[in-house]
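With chain W fixed as given, assemble chain H onto it according to the hints.
Residue numbers (our numbering), protein chains in the order written: chain W, 50 to 276; chain H, 5 to 225.
Be aware that a few hints might be false.
On the chain H side, residues computed to face chain W include the following (Cβ under 7 Å) [said to hold, decoys possible]:
1) Phe-12
2) Val-75
3) Lys-168
4) Ile-198
5) Trp-210
Per the computed footprint, the stretches of chain W lying under chain H, defined by three or more beta-carbons under 8 Å from a beta-carbon of chain H, are [what the hints assert, rightly or not]:
6) 113 to 127
7) 247 to 257
To be clear, the hints were calculated from the coordinates, so they are not data collected in a lab. These numbers come from a predicted model, not from an experiment. Positions of the beta carbon are idealized from the N, C-alpha and C atoms, including for glycine.
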Amino acid sequence: MTGLDRFRDAFLKPELIERYLPDILSGIAVTLQIAVAVVVTGLALGLALAVVRSYGYRLVNAPVIVFVDVFRALPPLVVILIVYFGLPNLGVNIPSFAVLWLVLSLVLAAFAEEIFWSGLISVRKGQWDAARSTGLSHWQALTSVVLPQAIRICVPPLTNRTIAVTKNTALGTVIGVGEIMNQGTSAMSLSGNATPLMMAAIAYVAIFVPVVALGSWIERRFAWKKA
Amino acid sequence: MDIFLFQFFNLDIMRQALPLILDGAKMTLLLCLAVIPLGLVGGLMVATGSISTSRTSRILTKGYVDFFRAVPPLVLLLVIYSGLPFAGIRLSPFMAVCLAFFLNASSFYGEIFRAGVESVGKGQWEAARSTGLTWMQTYQTVVLPQASRNVLPDLVSNTVEVIKLTSIASVVSFTELLYAADMARSVTYNTSPIVLAAILYLAVLWPVVRLVSRLEHRLGH
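So that you can see chain W by itself, here it is in the shape it has in the complex:
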């Protein structure tokens, strides 16, 4: 057996690829579902918090700011473990994929709030004043004058952050969510061969290389043009 054959049998053995392909594919489905769910709830919650913050009630803003800071400062894996092991002790049993979805949504919401908020305050105050003076309410001024201008600036950083948070779906393997990495590592220990692990890694590369490329394209497309 030549060196190349040995390498192929350790990392990309055809029989094992065939045997474990269904597992990896189901992992891909789980990863994609959780990623999409996280993006939707995380961005929506982040935007909602930024809008709430724009009303400027100090009592409401303090907890929002604390939430944002805490979730930006904590490693996601730490929060995942606290929720995963802590909730059952309180008598709340939620499945591990829901824990992953919940925690990553909160993390994305925290980063998104910060970005939306920076966008909102980057719109000149005159825009607010002008909009309000025509008789628009705070909500109307926000949604039809300020937000449309703010969102554009938010797109590049939001894209990057969203990609970074969705890559964290791989952390689900630690709490047994049946995503790509989990399928790959359990098949690896079953078969005693690195092939399933390599399949999982290739699946991640196949999903995220295009996503990151799309992200850079969006970043250039929406770049702040210097006058």
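Then chain H, alone, in the frame of chain W:
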């Protein structure tokens, strides 16, 4: 409420777990002292490669950056730690983490440094070269200092991400902060040790996160 306090803020358990967790915190610190400089040096190399006049060098660095920015760090770490032994390369958890972080962090830092170098005007290069400095001298003493200052918020913010990311070293049984806390949790059947670890992360990173927000707003990012 009592159950909540007992499960998450149990002072007795926190006190018992404290020595173990402090040992873990020391290892996290050690890990940061290894992987942050590794990432910064790697990032400078990547940035230098990506502004090179050689087309091959530019294409290679772009491929490197695009690839390692796309792979989730945990996937990279597991491939290095559990996959490489099948090729006869067995790394200790510490070395595996260092290698994974070098590959990951150097591509993120590299992109930041590249943006910084590109933000320095062409006139700076020309003026420095016309005084007789070589390309390398110009790059090191004129361009890089300005470049680093221009991208300081991004450098700090990426460093926060790297520090947070060291928590995944627990997955390959490196006895850092989160690993120690999780060990204490599995012995006590109580979540308080991990909450204590979270408090330590917050104590260090919260001020930095605030600082990053400040820097970003001041520079009008």
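Hint check results:
1. Taking 7 Å as the C-beta cut-off, the interface hint given for Phe-12 (chain H) holds, the closest approach to chain W being about 6 Å.
2. The beta carbon of Val-75 (chain H) is positioned within 7 Å of a beta carbon in chain W (closest approach about 6 Å), and the interface hint is therefore held.
3. Proximity of Lys-168 (chain H) to chain W holds as hinted, the smallest CB-CB distance being about 4 Å (cut-off 7 Å).
4. Proximity of Ile-198 (chain H) to chain W holds as hinted, the smallest CB-CB distance being about 5 Å (cut-off 7 Å).
5. The restraint placing Trp-210 (chain H) at the interface with chain W holds, with a minimum CB-CB distance near 5 Å, inside the 7 Å limit.
6. With 9 residues having a beta carbon nearer than 8 Å to a beta carbon of chain H, the segment 113 to 127 of chain W meets the requirement of three or more and the stated coverage holds.
7. With 6 residues having a Cβ less than 8 Å from any Cβ of chain H, the segment 247 to 257 of chain W passes the three-residue criterion, so the hint holds.
Of the hints listed earlier, there is not a single one the structure fails to meet.
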